[in-house]
Structure formats: C-alpha cells, structure tokens
Amino acid sequence: MATALVLFMTPGLAFFYGGMVRSKNMLGMLMQNIFAMGLISTIWAIIGFSIAFGGTGAFFGNFDFAWLSDVATLDGNIPGMAFVAFQMMFAVITPALITGATADRLKFGSYAVLIGIWSIIVYAPVARWVFNENGWIFEMGALDFAGGTAIHINAGVAALAVVLVIGSRRGHGTEAMPPHNLPFTMLGTGILWFGWIGFNAGSALAANGVAAQAVVNTHLAAATGMLGWLVVERIKTGHATTLGAASGAVAGLVAITPAAGFVGGVAPMIIGAIAGIGCFAALGIKAKMNWDDSLDVIAVHLVGGLIGTMLLGLFADAAVNGDTDGLFFGGGVELLKDQAIAALAVMAFSFTVTFALAQGISRTMGLRVSEEDEYVGLDQSQHAESAYTS
Amino acid sequence: MKLITAIIKPFKLDDVKNALKAVGVTGITVEEVRGFGRQGGHTETYRGAEYQIDFVPKVCVRVVIDEAQADEVVDTIASAAATGKIGDGKIWVTAVERIVRIRTGEEGSDAV
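Sequence order for the protein chains is Z and V.
Residue numbers for the first sequence follow the numbering used here, so the first one is 78 and each next one is one higher.
Residue numbers for the second sequence follow the numbering used here, so the first one is 10 and each next one is one higher.
There could be a bad hint or two in this list.
[Said to hold, decoys possible] One side only, chain Z facing chain V, incomplete, derived with CB under 7 angstroms:
no., residue
1, ALA253
2, LEU320
3, LEU360
[Stated by the list, open to error] So these bits of chain Z aren't anywhere near chain V, every CB distance computed over 12 angstroms:
no., residue
4, PHE85
5, GLY115
6, THR133
7, LEU145
8, VAL148
9, ALA149
10, GLY157
11, GLY267
12, MET346
13, MET366
14, GLY399
15, ARG445
16, GLU448
17, GLU462
[Said to hold, decoys possible] Distance ranges between label pairs, derived from CB positions:
no., chain 1, residue 1, chain 2, residue 2, range
18, V, TYR60, Z, ALA425, 34 to 42 angstroms
19, Z, GLY250, V, ILE95, 27 to 35 angstroms
20, V, LYS99, Z, PRO260, 29 to 37 angstroms
21, V, GLY50, Z, ARG311, 18 to 26 angstroms
If you are wondering where the hints come from, they were derived from the structure by calculation, not from laboratory data.
Glycine included, C-beta positions come from ideal geometry on N, C-alpha and C.
Pulled out of the complex, with its shape left as it was, chain V reads as follows (with noise of 0.2 angstroms):
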C-alpha cells in the first residue's frame, strides 16, 4: 500500500479530482494548506503599506493506492495538476504499513 500525498494549486483541484476519478481511484482526502516553495509569497498592499506574505495557499490532495496502481496515479495527478508555471507543487509516495475500513474490519488491499 502507499500514500501519495500532491500539493498542487487550488484551481486545479476539480481536474485533479476528475482525472483520478476517471483511473478508478475510489476516495481521496483534501485539505486547504499554506506554505512557500520556490513560488515565494506575494505582497498585498493597504493604504499605501505593502506586506510579504510568505505561505501561499495550496490545495493538498491525500491518496492511499494499492502499490501496483501507485504509478499511475502519481502521473495522472501530475499532468492534471501542470500549468508548467512556477508553484505547480510537488507529489510525494510514502509507505503504508497497515489500513483498516472502519465499517467491515477488512484490511490491506480490501479497505482501499
């Protein structure tokens, strides 16, 4: 099992989430994040005074995947995701030691 975890930008979310869709993938988790990369922040100015703001605000896209899927989910969120503009954000592809559906107890691959 693995978790793919994808930063991307948050108006690119909706085709993220199609494309996955249309791969089989059943579920995803999403949360709205904050942080810099080498997009920097950007300034807002009020009244005259400008302010840094360093975290810019990030879409992060959660997916737990049986290993042999892992691949293609990666590039598929990959391309859906790619503007080719700076602060596309990044995928990364972690291990999963062990996963469990609440409702039936089914583990491994089942609980995906």
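Pulled out of the complex, with its shape left as it was, chain Z reads as follows (with noise of 0.2 angstroms):
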C-alpha cells in the first residue's frame, strides 16, 4: 500500500519539475523522471537491494540478495518483498530529485549512466549506512526515519556536485527563465503530498500507532511548511505566489521526513515552519555561489535535509518512538552531535564519489548536449517529440 504510494511521487515529482521548466525541456523532464523507474527499480532488483541490506557490513552490503534471491529470509514485521518493493521506490525517487538542479541541459544518454552508478555506488551503499541495522549510521544511534540523510541531503549535495560539473544553463543570469506551466507544478506538489503519506508512514514498516503519528507529523509539516514559505515570501517580494506555496509544503514534506515518526505533539509544526522559511532563506545561496541549480534542489532538498535532521536531534521524543531522547527531551546532546556526523559523512562521501562520476562521464560521453541542442530543447534534441502541439 505505502509502495504504491511511494511510486506514485516520481511522476508526481515529474510534474512538479516539468511545469517549472521552459516548454521546450518538458518531456525531457517528465523523461528523466520516469526513465528513473525503469532503470532504477532494474538496478535496484539486480544488485542495489543486496548492497544496502545482504550481510552484516557496517558500510557495504553484500551479493546474497543479488536477483532477489532469498530475500524471503529477511526477518522483520513485513514480508521480506514488501520491504525490497518499498525500498525499491526510495531508489527510484532519490536520483529522480537531481534532475531538478540539472534541468535543460543534461544529455539523456549521460543522465541513464549517471543515474544508474550513483544507485548502485553512492546510493545503496549510503541506504546501507542509515536504513540497515548494522549500517555504522544506524548502529551510531542517529535517527533518520525516511531518508532525511540518506534520500534528501543525499540527493541534494549530489546535485550539487552535478551542477558544478555541468556549469549553468546558456543565458542563465541574463535571460529570464520562467516555468512554462506553475498548474502542473501545483499538480505534482499535491501528487507529492499524497505520496509523501505513504513515504514516511510506511517507514513505520507497520500498521501501528507510530505509523499514524508519522501520517499526521507529515501532514503538518507540509502544511506549516507551507505557510512559513508564504508569510515570508509576501514580506520579501510583497506576494505569496502559487509557486512559493508548493516550494513550501516540499520544504516541510522533506524537513519532516528523518523525523516522520519520532517526533510528537506540536514539533512536527515548528519544523515544518522552520523549513520553509529557512529554505526560502536558502534561495539566495545560489545567487551568490552563481550556481544553476535550475530548480533549487540545493535549497529545498539539502538545506530542508539538513534542518530536518538536525531539528530532530532537539525534538526526538522517545515517548513517541524509539529509545532515543533529544536535547529538548531531556537527552542532552548526544543524539544532535550523532545527527550532525551522520549528516556530515553523507554529504562527505555522496558529494566526492559523485562529482569524481560527473566528471568520468563529462570527460568521456559528455554530460552536456550541444549549445545547439540546448538551443532547441531538450524534447526535440533528445526525444525528437514536442510537448505541445498547436
């Protein structure tokens, strides 16, 4: 139930992207997303399921699940494919969020590679780290519920690092860019909501009260994440904007995620609000770096991340879940100093080993399509068909 709500996101991430790109690169986005869940969930079943969870490694996996075999073994609450398909669109969706940084520019040939050894090298190893219970992450004690380190910060810095490599859209700075179509952006941001219910209630891995506190921490987060973006959007720019109401409720959606279902009470509210005014805040980075993270995923991803996942070193109540208090709790500061290593060490490694694979492939096939490819779109260039049609 929570896998198909779960996979339902990438496309719903599609439209949220698409509509935000200039209409000539929109099926190249919608491409690259769904793309994702071919080749991902291919990967994923061949190899990434066995390096994230076979053996007892604290940073590699091994091959005993590798085909699926044997994953009928697997002890826990759910059947042991339940896990592997949930885990499965975790995989998908996380290269899916770098198509956002990356957007009208990156050679569809290249983004199958790219995307394909960042699951099975940067990806499945971090999962393992965070998700599998003898990952040095988890073992460490630090709480990520749904991917806060392992998916958003993961994929954020991982953009960030593509980015670099991959330089800034032609006219960037100088032409304006606007998104093509903000109703398909408003219609991927309530696909995304929807699904996010499955994402981080599902990670209770049960039907249980813990999946019913993740279902309403989710829930609010998006909704004051939403209103946090909008409150300081209408004093900065004097209007709260469809587009801002969206980048909101994504920025609460992806704060709450590590903390989904440890936290209770009204912490869920405060960090959904403090995500999204603090990735608001976090727009201006960007600009000042002169990077073309053409659709913030560096803002709302990363930075939403890394807030989430520090909040819950202050907010973690193990009266809600688990056995770990934070400071606000009465736990001091041991589990906001695990946080912070944990977040480290992601962005460590997931910003190395990526940009060392974006620049394998720029040197070798090419990251990047022709200027005059770039010039037509991506739709024409890459997949010789045209979004729109008149």
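Both chains are sitting in their own frames, so use the hints and assemble them into the complex.
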C-alpha cells in the first residue's frame, strides 16, 4: 500500500519539476523522472538491494540478495518482498530528485549512465549506513526515519556536485526563464504530498501508532512549511505565489522526513515552519555562489534535509517511538552530535563520489548537450518529440 | 477605403466591439498581440527571483471601412477603449488600395 503511494511520487515529482522548466524541455524533464522508474527499479532488483541490505558489513552489503534471491529469509514485521518493493521506490525517487538541478541541459544517455552508477555506488551504500541495522550510522544511534540523510541530503549534495561539473544553462542570469506551466507544478505538489504520506508512514513498516503519528506529522509539516514560506515571501516580495506555496509544502515534507516517526505534539509544526522559512532564505545561496541549481534542489532538499535532520536532534521524543530523546526532551546533546556526524558523512561521501562520477562521464561521453541542442530544447534534441503542438 | 488598426487593452475589447456595432460597423478582425509602449513591461517573481517581462499583452482590432465613416470609427474606438491610464493603446488609419468580397466578387464599398 505504502509502496504504491511512494511509487506515485516520482511522476508527481516529474510534473512538479516539469511545470517549472521551459516548454521546450517539458518532455525531457518528464522522461528523466519516469525513466528512473524503469532503470533504477531494474538495477535495484539486480544488485542495489543486496548492497544496501545484504550481509552484516557496516559500510557495504554483500551479494546474497542479488537478483532478489533469498529475500524471503529477511526477518522483520513485513514480508521480505514487501520491504524490497518499498525500498525500491526510495531508490527510484532519490536520483530523480537530482534532475531538478540539471534541468534543460543534461544529455539523456549520460543521465542514464549517471543515475545508474550513482544508485549502485552512492545510494545503495548510504541507504545501508542509514537504514540497515548493521550500517554504521544506524549503529551509532543517529536517527533517520524515512530518509532525511539517505535521500534528501544525499540527493541534494549530489545535485550540487553535478551542477558544478555541468555548468549553468546558457542564458542563465541574463535571460528570463520563468516556469512554463505552474498548474502542472501545483498538480505535482499535490501528488507528492499524497505520496509522502506513504513514504513516511510506510517507514514504520507496520500499520501501528507510529505510522499514524508519521501521517499526522508529515501532513502538519507540509502545512506549516507552506505557511512559513508564504509569510516570508509575502513580506520580502509583496506577493504570496503559487510556486511559493508548492515549494514551502515540499520543504516542510523534506524536513519532516527524518523525523516523521520520532517526534510528536507541536514539533512537526515547528519543523515544517522552520523548513519553509529556512529553505526560502536558502534560495539566496545559489545566487551568491552563481550555481545554476535550476529548480532549487539544493535549497529545498539539501537545506530542508539538514534542517530536519538537525532539528530531530532537538525534538526526538522517546515517548513517541524508539529509545532516544533529543536535547529538548532531556536526552542531552548526544543525539544532536550523532545527527551532525551522519549529515556530514553523507554529504562528504556523496559529494566526493558524485563529483568524480560526473567528471568521469563529462570527460568520456559528455554530460551536457551541444549548444544547438540546448537551444532547441531537450524535447526535440533528445527525444524527437514535442510536448505541445498547435 | 481605409484600414483602421487599433491596439487596445484586452479587457476593453467587449466595449469596443459593442460601440462599433452601435455605429453600424458590420465586421472586425481581432488578434491577441504583445508589445511595449510607454507603459513598459511588468515584473514577475518566481521563488524570490524577479523577472522583467518586457512585452505586455494587448488586443489588436482591425476594421476596414468606407472613407466617409473612418473618422467616426476612430472616435468610437478611442472613447470606448479609454481608461485615462497609461497603456490605453493607439489607433492608426491606413489607405486600402483594393478590397474584394470573396463569395460574390464585389469590390470597393460594396465589399465592406
């Protein structure tokens, strides 16, 4: 059930991003996201799951579960195959998140190679560290309910690495590149919000009180994330925009992801609001650094993931779930420290490996489309199709 | 024969059409256009980033009319489209050398 909800997030993300690109790149964006469902699912079944969840290594799994053999032997609250399927959807959406940063200029074939290898050498190991009981981050005691570090920080910092290699869109900073269809972005936001309920609640791996708490937390964080973003936006620019409402809600959802099953009471509302405000403020970073993170993957996913991961160190409540209290619940700074180590380790690993991988592809098959292909748009140049004909 | 071309604010189109009908104009051609004049463009904000939009949407109305009625039509459009604010638009009149009604082959004033 939750698996199906999470699967639906990827096309949701496709439309969320698709609405924000220019019309000549609409299909290119949709394709990159939908394609991840095909490619990453296959790779996950063949090898990714086994690296993440096989064996007892702290850093890397083994190949016992390659080709999904013997997964029925996994112990847990749910059947092994259900766990495989649920985790597969996580593996699919994580590299898809990166596409927002590289919009309008990534060559399709290179994209396929990039995310295929990335899912094996970056995502699967990090998922092991965080989600598997033998993983070193899990062992250390850092908490990540549904992927604040493994998914959002990981994808966000990978997005930065790829942006640094691929460079800016031509015309970035001099030409206006407004979103071509914000109604699609609003639609995508709705789908993401809907799917995220399954993403976070499903991470309880049971239909219990923790799952119910995660549903409420997820929803409230999205709500206050939207409000936080809109209030600041209204004050700073004079208007509360639809894109702002969409972005704020997603920022809230990102931030609550690591915390969804570990906090209660007013905490999710505070986490959401801080994410909405914090992610809006983080938009300035890319301008200052002159990074063309086209659709703000860094501001929303990296910063939102960091906010959620760190705030969990303050708000974690053992009365809700688990046995670790955060700073505000008498647990001291121990958890906060573990959260920081987890976040820094994931950032350092993901950035380094992704940067090297992107450089490697850039120097061999090329990461970026030609100037002419970029001008005519990815729809025509990469797929020989048009999103809109008249 | 004269061709009268008017660039007006889009929301004034209905007023202009009704006023032209009232003075006996039997047909107009309408097009949505974009451009800039003294009004300039406007700004849009996406995730805090401001974009200058240089071209403002306008409606272009074309009327072909007998010379004798041209001034009346210009005045009618001018009063119907006026708001008194910047960006109301412009009207100009050009000479038409020949005009044919395709169905009947009529020419000149008969074809209007």
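The hints, checked one at a time:
This hint holds: Z/ALA253 has a C-beta 4 angstroms from the nearest C-beta of chain V, less than the 7 angstroms allowed. Interface hint status for Z/LEU320: upheld, as the beta-carbon distance to the closest one in chain V is roughly 6 angstroms, under 7 angstroms. Evaluation of the Z/LEU360 hint against chain V yields a held restraint, the C-beta minimum of about 5 angstroms falling below 7 angstroms. The Cβ of Z/PHE85 sits about 25 angstroms from the closest Cβ of chain V, beyond the 12 angstroms cut-off, so the non-interface label holds.
The Cβ of Z/GLY115 sits about 30 angstroms from the closest Cβ of chain V, beyond the 12 angstroms cut-off, so the non-interface label holds. Every CB of chain V is more than 12 angstroms from the CB of Z/THR133 (nearest about 45 angstroms), matching its label as outside the interface. With a least beta-carbon separation of about 41 angstroms from chain V, Z/LEU145 lies farther than 12 angstroms from that chain, consistent with its non-interface assignment. The Cβ of Z/VAL148 sits about 42 angstroms from the closest Cβ of chain V, beyond the 12 angstroms cut-off, so the non-interface label holds.
With a least beta-carbon separation of about 47 angstroms from chain V, Z/ALA149 lies farther than 12 angstroms from that chain, consistent with its non-interface assignment. With a closest Cβ-Cβ approach of about 42 angstroms to chain V, Z/GLY157 is found to remain outside the 12 angstroms limit, as its non-interface label requires. With a cut of 12 angstroms on Cβ distances, Z/GLY267 stays outside the contact zone with chain V, its closest approach being about 19 angstroms. Annotated as non-interface, Z/MET346 keeps its C-beta farther than 12 angstroms from every C-beta of chain V; the closest such distance is 23 angstroms.
The Cβ of Z/MET366 lies farther than 12 angstroms from every Cβ of chain V, with a closest approach of about 15 angstroms, so its non-interface assignment holds. Consistency note on Z/GLY399: stated as away from chain V, and its beta-carbon is indeed over 12 angstroms from all of that chain's, at 36 angstroms minimum. No Cβ of chain V comes within 12 angstroms of the Cβ of Z/ARG445; the nearest lies about 23 angstroms off, and the non-interface call holds. The beta carbon of Z/GLU448 is kept farther than 12 angstroms from every beta carbon of chain V, the shortest such distance being approximately 23 angstroms.
With a least beta-carbon separation of about 26 angstroms from chain V, Z/GLU462 lies farther than 12 angstroms from that chain, consistent with its non-interface assignment. At about 36 angstroms, the beta-carbon gap between V/TYR60 and Z/ALA425 stays in the expected band of 34 to 42 angstroms. Take Z/GLY250 and V/ILE95: their Cβ atoms lie about 30 angstroms apart, and the range 27 to 35 angstroms holds. A hinted range of 29 to 37 angstroms holds for the C-beta pair V/LYS99 and Z/PRO260, which are about 34 angstroms apart.
Separation of V/GLY50 from Z/ARG311 is about 23 angstroms and conforms to the stated range, judged on CB atoms against 18 to 26 angstroms.
In this structure, none of the earlier numbered hints is contradicted; all agree with it.
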